[in-house]
Structures are given as structure tokens and as C-alpha cells.
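Model the full assembly from the supplied sequences, consistent with the hints where possible.
Quick note: the sequence shown uses the numbering used here, first residue 1, plus one each step.
Think of the hints as simulated: they come from the structure by calculation, not from any bench. All C-beta atoms, glycine included, are put in the ideal place defined by N, C-alpha and C. Just to be clear, a hint being listed does not mean it is correct.
Stated by the list, open to error - DSS-like cross-link-like pairs, simulated, lysine-lysine; straight-line CA separation at most 25 Å:
#1 Lys374 x Lys404
#2 Lys485 x Lys293
#3 Lys391 x Lys404
#4 Lys293 x Lys374
#5 Lys374 x Lys515
#6 Lys640 x Lys617
#7 Lys391 x Lys333
#8 Lys483 x Lys293
#9 Lys404 x Lys485
#10 Lys299 x Lys14
#11 Lys299 x Lys483
#12 Lys299 x Lys374
Unchecked claim - Label pairs and their in silico Cβ distance ranges:
#13 Ser56 x Arg326: 51 to 59 Å
#14 Arg309 x Ser99: 47 to 55 Å
#15 Asp96 x Ala413: 28 to 36 Å
#16 Leu110 x Glu680: 21 to 29 Å
#17 Val132 x Asn29: 58 to 66 Å
#18 Tyr533 x Arg51: 56 to 64 Å
#19 Thr371 x Pro395: 32 to 40 Å
#20 Val221 x Gly638: 50 to 58 Å
#21 Leu110 x Thr216: 30 to 38 Å
#22 Glu331 x Met50: 26 to 34 Å
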Amino acid sequence: MSTSLTAFSESIWKLKYQFSDPDGTPVDNSIQDSWRRVARALASVERENMRSHWESRFYDAMEGFKFLPAGRIFAGAGTGRDVTLFNCFVMGTIPDDMSGIFTHLREAALTLQQGGGIGYDFSTLRPAGALVAGVGADASGPVSFMDVWDSMCRTIMSAGSRRGAMMATLRCDHPDIENFILAKREAERLTNFNLSVLVTDAFMHAVDEGADWDLTFDGKVYKTVSAQDLWDQIMRATYDAAEPGVIFIDRINQRNNLSYCENINATNPCGEQPLPPYGACLLGSINLSALIKEPFTDKAELDLNELARLTATAVRMMDNVTDVSRFPLPEQKAEAEAKRRIGLGVTGLADAFVMCGIRYGSDASVTMTETWLKALRDAAYRASVDLAGEKGSFPAFDRDAYVKTAHIQELDADLIQDIARYGIRNALLTSIAPTGTISLTANNISSGIEPIFAMEQARKVLMPDGSHRTDRILNNAWRLYQKEKGLDAAPPDCFVDIQGLTPDDHLRIQAAAQKYIDSSISKTINLPADISYEDFVGVYRRAFETGCKGATTYRPTALRGSVLDAAPADGTRQEDGVAEPMEPVAAKARVGLVQDDIFYMTEPLERPTALPGSTYKLKWPESDHAIYITVNDIEQDGRKRPFEVFINSKNMEHYAWTVALTRMISAVFRRGGDVSFVVEELKAVFDPRGGYWMGGRYVPSLLAAIGSVIERHMVSIGFLEEVSESTGKQGPPGMTIDLADEDEVPDPLRDVVGASHKQCPQCGTPGVVHQEGCDTCLNCGWSRCG
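So this is what it looks like as C-alpha cells:
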């Protein structure tokens, strides 16, 4: 395969993986420089006299996009930056107490800050309404604490890091499972989480038998439901909103090579790595399409000898990553070093199929998947055994227990015998991850074991000056086919994209691959929007029956929208007879916004002399004085839209920022268009000093509370649709938001003349002094440190 980059792939490499100095001066001047940087870094832990040898071998593995280390490795290895080279982590077991919960929140923040995604099992937290004996109060439940994690993740992202990725799991027998299933039906809630239900074999049998199902915690039955009804709740939520996913957790633990020493209850955010507490996710992929000999001919085949050789090199490279990488937490480092698990997988599977004239989902594709992945599995285990002879087995290796585990028993007899004799370097070796931008960098090969998304796509590219251009990009196999056969060549029947596949086509490939993968697989089963609910449920049942460890589907819906658009053959769209560059559809549909007749304007709307509006009274627990929010509206073409905001209070501590907020929000409102993002941004603000629990929900800051008030007003005038019947989009339950009487709105300058100290946010008197690092009120005793 050529090492040259298409223009689009080069732009992705520069954006994501090119190493530059802090001032922007490139250190990597080409992708070859990036490969050399990574090879040198990973070879640095080899014996000194062998480093040059292994650096050359590692470079050769990456050259031509044959082996693709995961993005964390490609971007971070050899840069000296304080980042982790592991993509994701499953965090520690959350204790069911407030101190432990917030200790784990801190650990999550540190991990996200270094660029690692995280997975969490919230099943250890007591259900909402359960007694907290130590304080004589009721628990708020795991879903409410997920809101805290979500706010934290948003804050880390807003502080300049990449978008955080989190996975939350909850057992199917937890008393709050029904709340968990419905958690993301509320628009813009838990947007930084993927959700998955941990489904047990016992639950699936109860569904089959039409039996009752107990929801329990700590040995107590809180509720008994119909197993079938609960399954329908999961399926209906997934059908409508694409979440939660389903993880067959018993199967994961039964087939875990380390079942003798660990128990798994969560996965990384994309699901391909089920991991124990503090487990780390180390990923890399072999590009199968780069190993096809004589592509697009009757003699096309995958070079199995080259696959074995490349696999051995990749295993060594990935094993070295454990020794080179930094870790956000010492517990993660200890776990990674004790088991040295890696997740070597494949990408470009669908491209390899078409190069061999094979249709995705056909009998031939199933046979090839099993043949190729068995070869990769065996070569990976053989390489790890050889590595153990040189460097030693992973520290948690128990010879007798390990060779008796289910997956190891499926290896060839001679390989099992060698593991027993020589040990093995890595506890688990194979996983299939989504390869995303790595596959785009490799000239847009198909991702992981996914089918080709489209032969041609339109994607928007961010330019250095902040502008965008729209590029027409081709799937790599289709590009190579046209290069060889001519631009006018018609694609053969094997060239099929997601629009030409059935759910069973997806499932057959996933099930075939899972037989030879010791961890799990990130795979999305794309479904048509008009698939019936019964057929949709059948996909999940067949996933369970065919040995998959989980299932994730994507069906375009009004709630979730669509992800990408394929371009027509010429990459343009026609409007009034004029061809224009096609714009991609990459963002999910906004939920709750009434979009008809919204005007997008650059000049501010002119203010009439008088405007109608409403004033709301907000009671925030930190202050004895209410905050009053006035929102005035303008009528435009028969419908109301917010025009300006005023925020007022007796509490002078907030005076400066409320004036600034008033002016900024009003300036945005007066320019028209879709201004609902103001609500979203305010509600996402996380106060580092902490927010307040109100009505069973965590409100992360006073600004978030103000956002809820403005949102309520937008709903009341019809600018936003009312999405949630339970809250009416009027702020969290329990928050005091009332329409205010006009004569009670305070004068913002009253009672401050002659004040000698800062005003107290609790009692309102000017009696706050700063002592020993804390603000303290001499009148009421209120204090705040920091």
C-alpha cells in the first residue's frame, strides 16, 4: 500500500497526530516522521544493543499503514508530553458513601484531563429513596450521581481538553434500572455518557420464560417486575433513542482469561474492552486491506505469512507501550503492569473483502473473517509466549488456572501446551476497536470490522485560518479500484455500503469475529429508520443467541438524528440548477427547538419602545436573598422569541457578573437565530466549589440554575418545545422558581453605601472578612474557603 496521503487524510494527520512545538512549529514534517517518532519511543525500553533493530522493525510495521497504533499512541509517543498512551480506563469500584463517591469523581477528572476515556459501573450505589442511616436522609440514587460526573466531564472539556468519553453501566437487577433506562430520553442530559445495561443470563432466561424479576440491592428486594416488561423498556428506549446499549456480562466473565482473579462489571466507552477496576485499554489494529495480494483479481488473497509476521511485531510494540506510557493514577499503572493486557485488532476488513471480490455478510465473508481472525489470534498468542520466554510472564499469571479458562481451552493443543510450559507475556491480546480518525488518516479505509460506510462522502475540514472547506472523499478500496479500472468503471456487486446491508449481515460478521477475540468488539449495527420494533428486538435476541458479548445498534430517529451523509456520485447537490459543494450532516438533530420561521441574522434586532416579558424569582440555597430574572420577548412573524434578559438581587456579591451576564445574553438574543444554545451552555457550567442537591438532582452551579429559568421561559412562549413531562423543562424538581411580583424586585444598590466589608451571600450584611484563607461572615458565621 502506498505511503502517500490524500489531501483529506493529510489534513487529518496534521490536525490529530502531527507533533509540533508549543509555538506551532512542526517537529513531524511528514507522516513518516510520526512513524519514526513512535517507533523510536517504543523501542526505547528494549535492550540497548537491540534498540536500533526494533526501531527499524516497528517503523516497517507502520509504514504503508499496515499496523495502526491507536490514536493516543500515534499522537503522544515520543513527544514528552504528560499524557497517557492508553485510550481508556475502567475506574475503581465506587463505594456507597459520599466521601468515596467524590474521591472517585476526582480520580475520573484526573484521568479525563490526561486524555483517557473512562467507564464506570454505578451498580454499587444504593437506589433513590433508600435510607442513608448515618445522616437520616434518603439516597438520591446512582442516576443523580451520573449527573455529577457528566457536569465534571463538561468542565474538563471546557477547560481545553478534548471531549471526554464516559461509559456508565448498571445491572439489570438494580432497583433504579428503570430510571437508568430512561435517563437520556431527556434532551441534553448525560450527553458525555454512553449507557449500557449489564444483562445477565438469568435475566434473559426469565424473559424467555415470562417470569418475574426481582430488583435488589444489598440483599433487599425493592421491587418485583415482569422480566419481559423490563426487557421491553430497554428495547423501546434503544429503539427510540439509540441507548442504552446491552452488555451480556455473564458471557464476558465466563470467557475472560483472568476469570480466576478478577470480576468485570464495566467496559471502556466504546465497549470493546471489558475491564476490571482500574483496568486500562491499550489498542492497535492491523490493516487487513494492506495485506491483500493481487487485489481486484481472481487470485486476490490475504497474505497469511505477512499477517503472522506483522502480528508478532505489533504484539511487541503494544507490550512496550505499557512500559513507556504515563498513567493518570498509580492504581491504573499497577493494574496494567500486573496483567499487561493489550487489545490488538483489525481494521479495513470490509475493504479487504471487496479487494477479494467478497460481499460483506455473505457466507464467504463469514468464512474469511473466521480464517483471518483465527490466524491473527494464534499468531498473537504465539508471539506473547515467545515474549514471555525473553521478558517473563505477566505478574498475575497463574499457570494452572490460566490454561483452564474457556477461551484458552479453544486454542490449538500445541499452543496451550507451550503456554503451560513457557508462560505468556500478556493476559489478553485481542480486541476490535473503532478506528475512527486512524482509518481516515490511512486514506479512509473501512473502520474496524464495520462495512464500508459509503463509497463517497462529503466531509467538512477545518482550515488553519478557522474557515471550513468541504472535501469529497472516497473509500480507499473504491479509490484504488477506480485508479486501476478507470473512473468510469462500474463497481462490482461486492462493493456494498451500509445502505445495502441487512441487520443479519452485520450480526454474522460480529458473531464470526467474536469467536476469535478474547476481549470484545466495538461494532454498530446500522438499521433503517423504518425497521419495525419487533424486527429491532430480534437483532438483540440473535446477538445473544450467536455468542456476541454485547450489541449496539444505530437507527436514525427524531431524538438522535443521523450521523453522516453519503455524497452522491459527483459529490454535489443540485439547488435551482446550480451545483454546490455538498455539506455533511455531522451533528445530531437539536431536540426541543421549534425550528420553523427562525431567522438567522447578523445585525441586532431593533428594540421597540415597550416589550412584554416575565420576571422569575429564583431561590438559591447559598443565599438568603432571591435572584430575579426578567426575560423580555419580541414578536416576529406571529411568534415570540426572547429578546433580552435582566438579572437582579439584593446580594451584591453577584452584582458584577450578573450585569456582565445580562449584557452578553441580551446581545446574543438580539441577533436572532437559534439562541437555545445559551441555555445549554449555562446549564453545563460546573462550580468548582460545588453545587447543590435540589429535589433529588444535582444542580452544578447558580449559572446552571439561571439557565433552567431561561429555559422555562423559552418553553412558556413556545420558542422551545416542552420535552419532559416530569419537569416541564422548568428546572430541577425542588428548585424554587416562581413568577415574581413587580414590587418585590430589589434595587441593586440599596443598603451598600458605607459598607466596610464584603457582603455576605447568606445573610446579606456587609460583614465578610478574609481570615486564614477563608471568607467568614462576622454576622451569621457563614464561611467559604479558597
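Consistency of the hints with the structure:
1. Lys374 x Lys404: Measuring from Cα to Cα gives roughly 19 Å; hence the hint holds.
2. Lys485 x Lys293: holds, 17 Å
3. Lys391 x Lys404: Holds. Lys391 to Lys404 sits at ~23 Å (cutoff 25 Å).
4. Lys293 x Lys374: At roughly 19 Å apart (the allowed maximum being 25 Å), Lys374 and Lys293 satisfy the hint.
5. Lys374 x Lys515: holds, 8 Å
6. Lys640 x Lys617: holds, 22 Å
7. Lys391 x Lys333: OK: Lys391 and Lys333 at ~18 Å, within 25 Å.
8. Lys483 x Lys293: Holds: Lys483 and Lys293 sit about 17 Å apart, inside 25 Å.
9. Lys404 x Lys485: Distance ~52 Å between Lys404 and Lys485 Cα, so the pair is violated.
10. Lys299 x Lys14: violated, 37 Å
11. Lys299 x Lys483: holds, 19 Å
12. Lys299 x Lys374: holds, 22 Å
13. Ser56 x Arg326: 51 to 59 Å: violated, 26 Å
14. Arg309 x Ser99: 47 to 55 Å: holds, 52 Å
15. Asp96 x Ala413: 28 to 36 Å: violated, 46 Å
16. Leu110 x Glu680: 21 to 29 Å: holds, 26 Å
17. Val132 x Asn29: 58 to 66 Å: holds, 59 Å
18. Tyr533 x Arg51: 56 to 64 Å: Holds - the Cβ-Cβ distance for Tyr533 and Arg51, about 59 Å, lies within 56 to 64 Å.
19. Thr371 x Pro395: 32 to 40 Å: Distance hint for Thr371, Pro395 holds at roughly 34 Å.
20. Val221 x Gly638: 50 to 58 Å: At roughly 56 Å between Cβ atoms, Gly638 and Val221 fall inside 50 to 58 Å, so the hint holds.
21. Leu110 x Thr216: 30 to 38 Å: holds, 33 Å
22. Glu331 x Met50: 26 to 34 Å: holds, 32 Å
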